[in-house]
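Trainee: Generate coordinates for the entire structure from the input sequences, incorporating the hints supplied.
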Amino acid sequence: LCCVLRDLTPILHLILKQYADDNEVTEKLCEILSRTVTTLRESISPILKPLLELAQSIGPNILHAQFLNFVRNTLLLFSQDTDKQMFNLFIAVLQRFGCLFKGDIQWLKDHVDIVEDFSNFLIQIIKKLPTVVHHCPNEAFVLLFQFVKNGLQLHEQATLRSVTMFTSNYIEYTKSNQRAADLLKQNGLEIVQILLKCIGGASPRHLVDTLSLPLFTLSKLYIDCTSNWVQQCLNDPNFPTPSPKRHHREALIKALTSERTSRANFKDHINTFSSTCRGIDYSGTSSTRNHS
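So for the sequence shown, the numbering used here puts the first residue at 1; every next one is plus one.
Keep in mind the hints are simulated off the structure, nothing from the lab. Backbone N, C-alpha and C fix where the C-beta goes; we use that ideal spot for every residue, glycine too. Among the clues, some could well be false.
What the hints assert, rightly or not - Using 30 Å as the maximum straight-line C-alpha spacing, the simulated DSS-like pairs for lysine-lysine come out as follows:
1. 127 / 109
2. 197 / 127
3. 28 / 109
4. 185 / 109
5. 84 / 102
6. 254 / 220
7. 127 / 149
8. 149 / 17
9. 128 / 149
10. 185 / 197
11. 109 / 84
12. 128 / 175
13. 84 / 175
14. 185 / 175
15. 128 / 267
16. 149 / 175
17. 197 / 102
18. 149 / 185
19. 149 / 254
20. 175 / 245
21. 149 / 245
22. 267 / 109
23. 127 / 17
24. 175 / 254
25. 102 / 28
26. 197 / 220
27. 149 / 109
28. 102 / 149
29. 254 / 267
30. 28 / 127
31. 220 / 185
32. 102 / 175
33. 49 / 84
34. 49 / 128
35. 127 / 84
Said to hold, decoys possible - Cβ pair distances, simulated, as ranges:
36. 14 / 45: 54 to 60 Å
37. 95 / 11: 24 to 30 Å
38. 28 / 237: 54 to 60 Å
39. 251 / 204: 19 to 25 Å
40. 263 / 158: 17 to 23 Å
Mentor: See the structure below:
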């Protein structure tokens, strides 16, 4: 099979010259490459380099699940190799995403399928191959925080769930990487502001449970910083809305420290605060003071 693939590689390059930006063609190609890698495993080593070059010839606007699956499967099998090409493969995916995203939240809203697939891809790499992430340059970590801050504001439930799970895993990862930890502390206040704004009414109410996960992870791993960030946000009597009184705000800050081991109790406090911000009872009934 390796010999057949070696002979086919020039033909596949010719196909890509004409269809590099075609979703359907590249999906089929990546599916073939991914199955080949998982089937042949280590025996594919002699032709791995041409296959990687083939994958990187795919159009810059392509970032579908099949492409990400090929990269993930290849990294899982060969990430122990000292060849820089393996580490560069992951960085190339980040660069590809960065060129598409460009810090534009509207792009994320228009491409929730890519966002969901990309988030799930990142979760698997961070959990299973943290050493690959360690090799990223600083600008890659900056890009991921930019993605977090925009992605948390999406309203599509399945996509937001993937983004919050990635965010939570990324926060956990920062405990093993000082560069990432320093960037978290630089971006933490803004991330907390976005989370509280969304919880307080900027996002639909049915997303509040999902949005509570990154805040729970922050409080569990960076309690002093998180308490300070939340306190700074809630010192503004109009943030996230004017509805929560002083005792509501104090109760939320207290919950950060008292509920660090119980996600269920933490979510309950977040839901209570969210409902207060929206001017409704936690049971879902309208309060005497409605917030428009």
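Trainee: If you draw a straight line from the CA of residue 28 to the CA of residue 127, is it 30 Å or shorter?
Mentor: 27 Å, holds
Trainee: Given the hinted pair residue 149 and residue 175, is their alpha-carbon gap at most 30 Å?
Mentor: 19 Å, holds
Trainee: Is residue 84 close enough to residue 102, meaning Cα to Cα at most 30 Å?
Mentor: 26 Å, holds
Trainee: Between residue 95 and residue 11, does the C-beta distance stay in 24 to 30 Å?
Mentor: Between residue 95 and residue 11, where Cβ atoms are some 28 Å apart, the hint holds.
Trainee: Is the Cα-Cα distance between residue 109 and residue 84 30 Å or less?
Mentor: Distance of about 34 Å is beyond 30 Å: violated.
Trainee: Can the suggested window of 54 to 60 Å be confirmed for the beta-carbon pair residue 14 and residue 45?
Mentor: 25 Å, violated
Trainee: Has the given pair, residue 128 with residue 267, been kept, meaning a C-alpha gap of at most 30 Å?
Mentor: Holds, because 28 Å separates the two Cα atoms, which is no more than 30 Å.
Trainee: Measure nothing beyond the straight line between the CA atoms of residue 49 and residue 84; if it is 30 Å or shorter, mark the hint as holding.
Mentor: 12 Å, holds
Trainee: CA of residue 149 to CA of residue 17, is that 30 Å or under?
Mentor: Answer violated: residue 149 to residue 17 is near 36 Å, above 30 Å.
Trainee: Run the distance test for residue 267 versus residue 109: straight-line Cα separation, threshold 30 Å.
Mentor: Holds, at roughly 26 Å.
Trainee: Hinted pair, alpha-carbon criterion (30 Å max): residue 128, residue 149. Please report holds or violated.
Mentor: Roughly 24 Å between the alpha carbons, so the hint for residue 128 and residue 149 holds.
Trainee: For the pair we were handed, residue 254 and residue 220, check the Cα-Cα distance against 30 Å.
Mentor: Status holds; Cα separation ~13 Å.
When held up to the earlier numbered hints, the structure conflicts with 8, 11, 20, 23, 36 and fits the remainder.
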